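A.B. asks: Spelled out, the chains give:
Protein chains: 4
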Amino acid sequence: MSIFADLLSTVFERRYRGADRATHDTRPINELIADLMGAAGEVSGMAVAKQIIDRYAAMDDTQKLGFFRHLAEAMNISAAAVRESLDVYEQGQTFASYRAFMTAAEPPRQELIRRLNQVHGATHSLVRMRADLLRLGREEDALQALDLDFRHLFASWFNRGFLVLRPISWESPAHILEKIIAYEAVHAIHSWDDLRLRLQPSDRRCFAFFHPAMPDEPLIFVEVALTMGVPGSVQKVLAEDRKVIDGPDANTAVFYSISNCQAGLAGISFGNLLIKQVVADLAAEMPGLTTFVTLSPIPGLSRWMERDDLSADPEDADALRRLAARYLLTAKRPDGMPHDPVARFHLGNGAEVHQVHAGADVSPKGLSQSAGAMVNYLYDLSKLSHNHERFATAGEIAASGELRQLAAASERTHA
Amino acid sequence: MSIFADLLSTVFERRYRGADRATHDTRPINELIADLMGAAGEVSGMAVAKQIIDRYAAMDDTQKLGFFRHLAEAMNISAAAVRESLDVYEQGQTFASYRAFMTAAEPPRQELIRRLNQVHGATHSLVRMRADLLRLGREEDALQALDLDFRHLFASWFNRGFLVLRPISWESPAHILEKIIAYEAVHAIHSWDDLRLRLQPSDRRCFAFFHPAMPDEPLIFVEVALTMGVPGSVQKVLAEDRKVIDGPDANTAVFYSISNCQAGLAGISFGNLLIKQVVADLAAEMPGLTTFVTLSPIPGLSRWMERDDLSADPEDADALRRLAARYLLTAKRPDGMPHDPVARFHLGNGAEVHQVHAGADVSPKGLSQSAGAMVNYLYDLSKLSHNHERFATAGEIAASGELRQLAAASERTHA
Amino acid sequence: MSIFADLLSTVFERRYRGADRATHDTRPINELIADLMGAAGEVSGMAVAKQIIDRYAAMDDTQKLGFFRHLAEAMNISAAAVRESLDVYEQGQTFASYRAFMTAAEPPRQELIRRLNQVHGATHSLVRMRADLLRLGREEDALQALDLDFRHLFASWFNRGFLVLRPISWESPAHILEKIIAYEAVHAIHSWDDLRLRLQPSDRRCFAFFHPAMPDEPLIFVEVALTMGVPGSVQKVLAEDRKVIDGPDANTAVFYSISNCQAGLAGISFGNLLIKQVVADLAAEMPGLTTFVTLSPIPGLSRWMERDDLSADPEDADALRRLAARYLLTAKRPDGMPHDPVARFHLGNGAEVHQVHAGADVSPKGLSQSAGAMVNYLYDLSKLSHNHERFATAGEIAASGELRQLAAASERTHA
Amino acid sequence: MSIFADLLSTVFERRYRGADRATHDTRPINELIADLMGAAGEVSGMAVAKQIIDRYAAMDDTQKLGFFRHLAEAMNISAAAVRESLDVYEQGQTFASYRAFMTAAEPPRQELIRRLNQVHGATHSLVRMRADLLRLGREEDALQALDLDFRHLFASWFNRGFLVLRPISWESPAHILEKIIAYEAVHAIHSWDDLRLRLQPSDRRCFAFFHPAMPDEPLIFVEVALTMGVPGSVQKVLAEDRKVIDGPDANTAVFYSISNCQAGLAGISFGNLLIKQVVADLAAEMPGLTTFVTLSPIPGLSRWMERDDLSADPEDADALRRLAARYLLTAKRPDGMPHDPVARFHLGNGAEVHQVHAGADVSPKGLSQSAGAMVNYLYDLSKLSHNHERFATAGEIAASGELRQLAAASERTHA
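Chains as they are written, first to last, in this note's numbering: chain A, 1357 to 1771; chain B, 1357 to 1771; chain C, 1357 to 1771; chain D, 1357 to 1771.
Isolated chain A, as found in the complex (with noise of 0.2 Å):
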């Protein structure tokens, strides 16, 4: 059964099933395109339209560029008639000349994926054609101009107040459960056992972001553990022989693992809104909890430390947690914005560098990217917003006391 138990009900199902039967269209797709854009597409464009998504689902890279670059360019705005448009505009600021100029600065492809989006299903399928636009059109300025419109859309459909959070646990269907381990991008899941451990034990949570219309989606999800007190090692964290709490019980959720699970909503962000949703449903649920951290990788260090020419003694915990403070709050692209990308992320949200911790992730990927170096980021929704606020204008930094003294203290031992 679906997670969206009546959303799609059986009778609905049905219909579309019928409709996936239709006779097959022969004709050429680009005018397939002109049928679903014409005059009828408004009545026959369901079946014209499971057509081009069909024929698409069909094609070899090759075929699919070639898809891309007729809707870039036969499909794109007409520079001429924008001008035009604006120069009626700007003589007369009616209803007809602003219509007149939306319709003109708003290229056809854009009505064409909306018209596609018709389609029972059609969503999902959309989303795939993005994450191929994203993997083919690279060095194209035309089909990353194509991918803006995309985009754009997305933006629109994939809208916060669309997003359903759902908590993902071992009751829920196997065909969600399979793509949960499919896309765990953190810390691998190595079969449905270790699924099990993921989900099923009194202090472990998921949580998933879904769409209404890609209900066997998962758009992003986030694992989290519940524990006594901030934990300081993935590996204690995931000991399947740790000690098991009630989650009432525990004072602190770990988010120890969020991934992105559509590469075609790319540049689409949920995640800090995730984060936030799920802080305040496992608050309202569990009134022990006072503190929500991260476990978060430290991605860049070690090409940090080896750009810099700095390093610690493997033995000496105390120098790389220095060194890991360091980096975390100085480190600092052309931009001004931070070197890391996690800490981008988190900073961003508004969250504070809350502890680093050595010996914290000794698996070959921890020891390779941050000598096994974590830090946990704080969540502390009474501080979200300034945080960001500060981080956003000011590229401002949040921070603990003890994370600012180890950074100084590195600061001045040059370690």
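Bear in mind the hints are in silico, worked out from the structure with no lab data behind them.
Treat the hints loosely; a few may be bogus.
Pairs count within a copy or across copies, as identical chains cannot be separated in the list.
Unchecked claim - Result set (DMTMM-like, lysine to aspartate or glutamate): computed pairs, CA atoms no more than 20 Å apart in a straight line: (1) K1739 - D1381; (2) K1535 - D1549; (3) K1420 - D1381; (4) K1535 - D1550; (5) K1739 - E1758; (6) K1688 - E1745; (7) K1739 - D1391.
It should be emphasised that the depicted structure is a prediction, and the values quoted were computed from it without experimental measurement.
Please arrange chains B, C and D on chain A, whose structure you already have, making use of the hints.
C.D. replies: This is chains B, C and D only, laid out in the frame that chain A set:
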């Protein structure tokens, strides 16, 4: 229990209920708007958006006009900026120049509306906001232009792929049913007992479209009677003492009432799709159904007869039927479209004029608008697309042979 | 989400609807019964059971009496067979001898009722059958004995572990709500608007028990008002112009109406469990709630005063309160139980007599049965078990100090 | 949508979770039992019942035996009391004398089991308790008698009218699916990937019965393959490289595996009803299905051949088929029932022996138990009742003409 059982889970609701209690922000609304559009908007946006929506809800019409004018004027496109970006774009169609053009060509108020929509429940608030705008903005070009932006966004949000068809029955939630009573626009429902008569008998069906972000609000609904043969009187269809047949024994489905529910969605067309989906669903559920017709009013008939100084002897049913046929098949607007608005809707959907009846609606309204005449439009799924295309491109009206003969006879006899 | 989201799926329903169309069996009902109890019963039982239930539903009272008498006489235990099996059992308590005794000691009509219950929807039919039996069988020992078998089976089927507590709200299905209107037994609900006033305001709640095999039929429901302080007037509690408070702001939950819905479940007690579960649920949902009381009628007060030739000056509220306290605390039946039936119920649940009020129910019924007096019974979860035990074993009535003083004062003053 | 969409709502669950934390009662279990059966039991029963169930769950087998013996001996009927009440009843069949007899004739342990069942989740605990009893009580008459009481209550609780048929698919909750893997008793499921192959392809179906009080536990399930024609090899049916057909294109539904899930429900028969309901459902969903057969093992064939000193040349498929036909149609137990247990089940359901196949199950188990032979039992809804009756009353076995000929040929040729 809501019709979208788990879509908005208890926990989900609780969070937002908590949020509702946020401290009241006393700044002027334009300052709140600026705040929402500014740097911190991304993180603190939900709270500010909620403030704006609540503030708007408490406004009187004068204040609402002020709010709309602010959006229309201060948040419009800058023609100069558009021209400038267009120039750059023409000089080099790059990703950056296209993005700059897109940004300039979209008025900031569109982004404002999108950001307002982040709040839980905001979609319905925005639909009501547009209803106000349509009511208050009729005389002002700038407000009508603003409405184009609302409409543009709504067309994207209420994309057909996002709509959900739900049967409405006597087992539906009361808070949905009271809206069916309130919104019925064709044949008024006078009480809950009256409503039960429309829903509970085995020869009655009702279907509505919903949007996942407005699960408690039907967008449009259709009432269906299952009959033996095509009926020629709405009073007989609704008669309490009729012989009630079992659905599967019927051979005809009669759409006797279609009502739009949301004034704020005017111009965002769902009726076309609704009827086609209901035809497909009913056909799948009850293979015995072979005929799908409306039983529709002819709202323009009396006025047209008056204007053309035509009249029919009230005793002569055939004369009235001839006139009705002639009106439906030949009376046109200057743009070539049929004079009758209901005819425009169904013919635009690809239906055909099937039968006309005298004495078919003997209510005061029926006698007044069409001397009691009604018409059946036939929905034949296999012909919809063809009919629609000929209607849309050539203004050709699909009609049964009988109707053509009646219309021809009327023209011959001038009655 | 539970796997029961669509416990009664469309397919499931459709199958049984098909079965309903089975050809009518014209054999005498006693022959059908013999058939159902016979060898083929196990496989063809569903169809035969359906016939019997349909046949019964069409009977008049005389025929029903005939049916019941057949069960009572022809399907009774055989005392001789019981004695014989008992003798064998006493000679050797083996598996076989115990099984033989069990078989002999259970009248075949119990197996008949179980086999009738195989049919989809039969549980409700059997509950209505027992309602008929209770109504028609009052005078006949054999029919009352038959009722003991129904009751025995129902106690097993409507075991507390199988009941489901559901909130009833304005979002509940209309076909459930119309039953709430019909079954309300304490303070009548006059219309759908009246019902909405009981369900929709933020200071109202309603809960019902359901059985999974009768999902469309509430078994018992309770209406709750959330208030500040313990109320002393039902008219004030129900006043439309009261100040409506938000649920979470309330400190008191008032159970002002409890109604049994199924006459055929008389003697199968749910009320006790319902109140305790609702107290537990509300306490968990709204931590601000500290007091759980009823606002209950005192149906036997006027008759008792009349019988004992007591009267209270209508102007003297305190005199009436003293009398009411004395009645509730001291008026007993011959078996030592309180004279007042509502008191017996709540005291039996472990509640205590908390406050009495004059002018509390000024409806004609309230004035007639108790001169307008009402009483609050207090449900203190921590004391229920203790109170119940002392009441059940020693007939001791738990009461507040105030009530004891009032009762004592009444006895002193003889008023 | 049914009111049961959230049968086990969050609030509902939370309450019981709270109750779970009750303080531990250290009294001996027999004292707890006495308490539960005593006066206060009605009100404080839930807590005490919970204690007993928890206490039982922690027992080792010796303690469990002690618990069962206590029920068997101390809570048995008193033959003297039964006799006494029977004497009174015979002297006057009144309501009171019948009630007294009923009370005496039912052992108190039945009421104990009913009271234990009040606790949320207790039904499954009691089913497991009976599984223990069946395992531990085989040798003791008193424990086997006790089991009759469990069985008596379970037959009432698991009445067919209370069971719910649910499709099991790859979209079912993982915690249900892991039980399907665990309980599959015929053709083992080796992994989650293996499970997906049984559920996800368009030519596979699976259905299970559930009881509302044990929503997380399937009671029995059947796996179905949709095929063209009646298959003669289970390996071919399960072959991954088979041509997968669309369900609606199939003409045959093959029940290739039926597994009981609950040892504690032994003897409470569901299989009969399950198959008939699944046949009815599939027929309604896919009108193209005309044949409903099993593909069943013949577990007793090899032993029977050995016993009667029969053998078939492994190269001679026809010889094996003749022997299998003869075995199925003629090998009987002393009581006249078929020797083969699977045959007894399907023939008892009213199915007929349809086809036999050599080389149909070439797994080690298949070769060992039946030299690779399998059989199709045909479920023809229109004949089930007739077949069942003749089988049950006269021991007559329904079989196809082909099967009769094969059996006759075998007897002629003695092979």
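A.B. asks: Okay, which hints does this one fail, numbers in order?
C.D. replies: Violated hints: none; all satisfied.
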